[in-house]
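Enquirer: Residue numbers (this note's numbering), protein chains in the order written: chain C, 1 to 249; chain W, 1 to 249.
What the hints contain is simulated information worked out from the structure, not anything from laboratory work.
Predicted model only: the values in this text are computed from it and were never measured.
Here a beta-carbon is modelled for each residue, glycine too, at the ideal position from N, C-alpha and C.
Possibly wrong hints are sitting among the right ones.
Subject to a maximum C-alpha distance of 30 Å in a straight line, what follows is the list of computed DSSO-like cross-link-like pairs (lysine-lysine) [stated by the list, open to error]: (1) 93/C / 230/W; (2) 101/W / 110/C; (3) 142/W / 226/C; (4) 93/C / 63/W; (5) 230/W / 191/W; (6) 110/C / 180/C; (7) 69/W / 226/C; (8) 43/C / 173/C; (9) 143/W / 69/W; (10) 143/W / 226/C; (11) 207/C / 43/C; (12) 101/C / 128/W; (13) 143/W / 43/W; (14) 101/W / 43/C; (15) 63/W / 101/C; (16) 101/W / 101/C; (17) 101/W / 93/C; (18) 226/C / 101/W; (19) 101/W / 57/C; (20) 101/C / 112/W; (21) 43/W / 226/C; (22) 93/C / 69/W; (23) 205/C / 173/C; (24) 101/C / 69/W; (25) 226/C / 128/W.
Take a look, some chain C residues computed to stay more than 12 Å from chain W by CB distance [what the hints assert, rightly or not]: (26) 89; (27) 207; (28) 223.
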Amino acid sequence: MSSIGTGYDLSVTTFSPDGRVFQIEYAAKAVDNSGTVIGIKCKDGIVLGVEKLISSKMMLAGSNRRIHSVHRHSGLAVAGLAADGRQIVARAKSEATNYEKTYGEPIPVKELADRVASYVHLCTLYWWLRPFGCGVILGGYDRDGPQLYMVEPSGISYRYFGAAMGKGRQAAKTEIEKLKLSEMTCREGVIEVAKIIYGVHDEAKDKAFELELSWVCDESNRQHQKVPDDLLNEARTAAKAALEEMDAD
Amino acid sequence: MELQRSMVDGSVCMKDSAKSEISSERTLYPYVTGTSIIGMKYKDGVILASDTAGSYGSTLRYKSVERIKQVGDHTLIGASGEISDFQEIMRYLDELILYDKMWDDGNSLGPKEVHNYLNRIMYNRRNKFNPLWNSLVLGGVKKGQKYLGTVNMIGTHYEDDHLATGFGNHLARPILRSEWREDLTFEEAVKLIEKCLLVLLYRDRSSINKFQIAKITDEGTTIFPPYALKTFWGFSHFQNPSKGAAGTW
Chain C
1 MSSIGTGYDL SVTTFSPDGR VFQIEYAAKA VDNSGTVIGI KCKDGIVLGV EKLISSKMML
61 AGSNRRIHSV HRHSGLAVAG LAADGRQIVA RAKSEATNYE KTYGEPIPVK ELADRVASYV
121 HLCTLYWWLR PFGCGVILGG YDRDGPQLYM VEPSGISYRY FGAAMGKGRQ AAKTEIEKLK
181 LSEMTCREGV IEVAKIIYGV HDEAKDKAFE LELSWVCDES NRQHQKVPDD LLNEARTAAK
241 AALEEMDAD
Chain W
1 MELQRSMVDG SVCMKDSAKS EISSERTLYP YVTGTSIIGM KYKDGVILAS DTAGSYGSTL
61 RYKSVERIKQ VGDHTLIGAS GEISDFQEIM RYLDELILYD KMWDDGNSLG PKEVHNYLNR
121 IMYNRRNKFN PLWNSLVLGG VKKGQKYLGT VNMIGTHYED DHLATGFGNH LARPILRSEW
181 REDLTFEEAV KLIEKCLLVL LYRDRSSINK FQIAKITDEG TTIFPPYALK TFWGFSHFQN
241 PSKGAAGTW
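Next comes chain C alone, as it looks inside the complex:
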């Protein structure tokens, strides 16, 4: 499926004869090889979930956060190179605080997505910069209700009601499409996201993973925060149970 660039893939400022920029496609491959990241828009908010692959048993649980708060009302889940993701989060935080300083209201999610997308796109325009090797799923709750956006390394950003990136994105997208999101509350959505992530996790290829979940919803007072521990545990148990059911068949 992948084609070799041979000469047209050395710089992000070079087009290939068939109109592709290979460097951007290679950057997208970095995202495709990372742990699955899912975002869904329920009727009262957004749920973000990350399959955080654990590279070493020595790592402390809860460290290396992949979901970051950008402002009180929105959060960013990162897939791909974690360090690149941190840079995007820092930029998003700065855009959000600057907007509030200037205009006196929290940055609308659409505006924030635009700014993040512009920044990611910026790094695909100059030969002395490399594209970001990470994609982000941005979820927030503003005056127009809950919104979900996904920004890819090319700088494209679309608004979604369900989005997935990373290794298990195909399977995850199929599962998300089966859900009736418009009737689901975030509390139910958290359980569903956990089930999907446990479902798409490849036991053979990657050993251990940590589930990271966050939400912005009416129940959390429209603030972006980690899903509370009791709900997180409930989600984990439900997901493991669902997995066993599937294995039993």
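Fit chain W to the known structure of chain C by using the hints.
Expert: For chain W alone, coordinates are given in the frame of chain C:
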């Protein structure tokens, strides 16, 4: 050519890319000021009280100024002095608390940390001859530990079981020194505070009969709505003031 504000020392200057800073402004005297703040520890936490007046010199111009505000989950701040500088301090603190919240790591800034932060800002501004013209009282409870401290425009800071700013130091502190106890209940503490507030109302010309009390405990913060105290002016000395001097009014 654009106006730039430095966050370090608050100086505003015109910046032209060709030349360096053209002019700089610094605080010379306060314009709209608040009078005393009283703060004291009690059994369950800390109480802060103030009136809601903003004086423009000798005119009692603004009668509904909230001079006590919440900072994060564990701290209350009360300010006397220039109201616009207090609003600026609140902006710095809100940004500080926002960044602290975005870590989402179970830690949060307590009153001691906020006090230290403000102390650094106030002292550094004073050293540049551009002070934030305020005397601040910080009270809070974190993990059962009560904290009450003050910092003023020259950077002097200290902690105590009861504190006041401005006229409160001369009129309220003596009352507190003789009547304050470690184990005051909330009702007893409010009675003691009201005694101090009444003295300030009678004797401080910049105070008005509209007060606000705020309390902070481990459970949370409450800033009560403004209310008035009963005053008594029927002293014999005030009757027939023109009795002794004919022609006076």
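Enquirer: Does each hint fit the structure? Answer for all of them.
Expert: Now for the hints, and whether the structure bears them out:
| no. | hint | in the structure |
| --- | --- | --- |
| 1 | 93/C / 230/W | violated, 50 Å |
| 2 | 101/W / 110/C | holds, 22 Å |
| 3 | 142/W / 226/C | holds, 22 Å |
| 4 | 93/C / 63/W | violated, 37 Å |
| 5 | 230/W / 191/W | holds, 13 Å |
| 6 | 110/C / 180/C | holds, 24 Å |
| 7 | 69/W / 226/C | holds, 27 Å |
| 8 | 43/C / 173/C | holds, 18 Å |
| 9 | 143/W / 69/W | holds, 20 Å |
| 10 | 143/W / 226/C | holds, 22 Å |
| 11 | 207/C / 43/C | violated, 34 Å |
| 12 | 101/C / 128/W | holds, 25 Å |
| 13 | 143/W / 43/W | holds, 14 Å |
| 14 | 101/W / 43/C | holds, 26 Å |
| 15 | 63/W / 101/C | holds, 27 Å |
| 16 | 101/W / 101/C | holds, 18 Å |
| 17 | 101/W / 93/C | holds, 12 Å |
| 18 | 226/C / 101/W | holds, 11 Å |
| 19 | 101/W / 57/C | holds, 29 Å |
| 20 | 101/C / 112/W | holds, 26 Å |
| 21 | 43/W / 226/C | violated, 34 Å |
| 22 | 93/C / 69/W | holds, 25 Å |
| 23 | 205/C / 173/C | holds, 20 Å |
| 24 | 101/C / 69/W | holds, 19 Å |
| 25 | 226/C / 128/W | violated, 42 Å |
| 26 | 89 | violated, 9 Å |
| 27 | 207 | holds, 26 Å |
| 28 | 223 | violated, 8 Å |
The structure fails hints 1, 4, 11, 21, 25, 26 and 28 (numbered hints given earlier, in ascending order).
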